[in-house]
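Colleague: Whole structure, please, built from the sequences with the hints as guidance.
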Amino acid sequence: MKKTLFCMLSAYGLCTAQTTITKAFNDPVAGETVNNLTVNGTVDNSTTGANVTFNNASLTLGSPFTATYSVPTAGEVTTFPGSTLKQVSSGATFMYKQSASKLEITGIIIPDATLNLSANNGTFISYPTAYGHTETDQAQGTFTSTTANGLCKGTINISADASGTLILGSSTYPNVLRIKSIQNFNLHLPTDTTFLFPVGTLTITAYSYYDSTHKFPLLSTLQTVINAPIAGINNQTTNTAQALNLMTLSTRELAAQKEGLKVYPNPAQEFIEFKGGKENYTTAKIYTLDGRLIKTSDIKSGKIQVSELPSASYFIEVSGKDNKKSEASKFIKN
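Using mature numbering (1 follows the signal peptide of the UniProt record, and there is no 0), the letters of the sequence shown correspond one by one to residues -17 to -1, 1 to 317.
It cannot be assumed that every hint is accurate.
[As the list claims (entries may be wrong)] With a straight-line Cα cutoff of 27 Å, these simulated BS3-like cross-link-like pairs (lysine-lysine) come out:
no. : residue 1 : residue 2
1   : Lys286    : Lys245
2   : Lys245    : Lys283
3   : Lys245    : Lys313
4   : Lys136    : Lys163
5   : Lys258    : Lys286
6   : Lys278    : Lys268
7   : Lys245    : Lys268
8   : Lys286    : Lys313
9   : Lys198    : Lys313
10  : Lys6      : Lys258
11  : Lys198    : Lys163
12  : Lys163    : Lys6
13  : Lys313    : Lys258
14  : Lys258    : Lys245
15  : Lys278    : Lys313
None of these hints come from the bench; they were simulated from the model.
Modeller: Next comes the structure, spelled out in structure tokens:
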């Protein structure tokens, strides 16, 4: 059992350091394809702060789809000057400019409108970004639609506003950093070069959940709100959500959980109980994810108290009667 627990601790030990978004690890590269899944249900983005739990256990994963990165064509670079990378996913196209310190948006193409931010590129992410990072950037350019066109100007607010543990369906991911981005654009007529009289607005709100072992977000949401009466669009809201496709890994994890120790509730606040054969367990040891033993307890009535533990993720190892093989599992203390 010690060998098994050591392997579990070693695997999760890779995730215990604070997640930081870096160019070396997270910057997308032309030729990459990201496998994602649609998300069924509404993602809860309300939690903020450090050492929190992003509880989205009620969500289920749906159909697969991909996001592809490529080098822009010469024509696209002419339209969106400075672009070095193109992303296409689910009917939307994003044009980016890459540099040593950030990834910038040069253009956004969605079904209802196109934003060309060649006059002043907007920041997508700066490198490095860790919890507590905030920045505000200005962006400016043009917009076009099937019924109208004009100028756009706005503000992009980016913050790494939360970190902790993500529960996504039946899977749990520690050491997650959440990035929030709000892009507020005013739309103007082509003649309003002083940007005094907006004729519409476009707001894009995005949340992305990163961990330290995957290059792309584990979970992300995007809300687009367009109000442009001049183009015949009145407060049109579109919401999308996607999860990184880790189905193979998730299936293996579920198989392991089926055969091994099961604890509940998880996350826990006061007590932890055990499912299946709990009468055979007499002693429990609780470890931090880096392998430090912090509590040894007798199991009374099939449960142990955890209320005194700080909010974090832990491993629990139980042993019992009749030389029963020790078993281990992972749980979250809220």
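Colleague: A separate judgement is required for each hint: does it hold in the structure or not?
Modeller: Hints and how they fare:
Restraint check for lysine 286 and lysine 245: satisfied, since their Cα atoms lie roughly 12 Å apart, inside the 27 Å limit. Pair hint lysine 245 plus lysine 283 holds up; C-alpha atoms about 17 Å apart against a cutoff of 27 Å. With a C-alpha separation of about 9 Å, the suggested pairing of lysine 245 with lysine 313 holds against the 27 Å cut-off. For the hint linking lysine 136 to lysine 163, the alpha-carbon distance of about 20 Å falls within 27 Å, and the restraint holds.
Note on lysine 258 and lysine 286: the hinted pairing holds, with a Cα-Cα distance of about 10 Å set against a maximum of 27 Å. Restraint check: the Cα-Cα separation between lysine 278 and lysine 268 comes to about 6 Å, which is no more than 27 Å; the hinted pair holds. Between lysine 245 and lysine 268, the direct Cα distance comes to roughly 15 Å. Compliance with the 27 Å bound is thereby established for this hinted pair. Among the hinted pairs, lysine 286 with lysine 313 is consistent with the structure: their alpha-carbon atoms are about 15 Å apart, no more than 27 Å.
This hinted pair checks out: lysine 198 and lysine 313 have alpha carbons roughly 24 Å apart, not beyond 27 Å. Restraint check: the Cα-Cα separation between lysine 6 and lysine 258 comes to about 44 Å, which exceeds 27 Å; the hinted pair is violated. The hinted pair formed by lysine 198 and lysine 163 meets the criterion: a straight-line CA distance of about 17 Å does not exceed 27 Å. Annotation: proposed proximity of lysine 163 to lysine 6 holds, straight-line Cα distance about 18 Å (limit 27 Å).
Distance hint between lysine 313 and lysine 258 is fulfilled; the C-alpha atoms sit about 14 Å from each other, no more than 27 Å. With a CA separation close to 5 Å, the supplied pair lysine 258 and lysine 245 stays within the 27 Å bound. Our distance criterion of 27 Å between C-alpha atoms is met by lysine 278 and lysine 313, whose separation comes to about 14 Å.
The structure fails to meet hint 10 from the earlier list, while all remaining hints are met.
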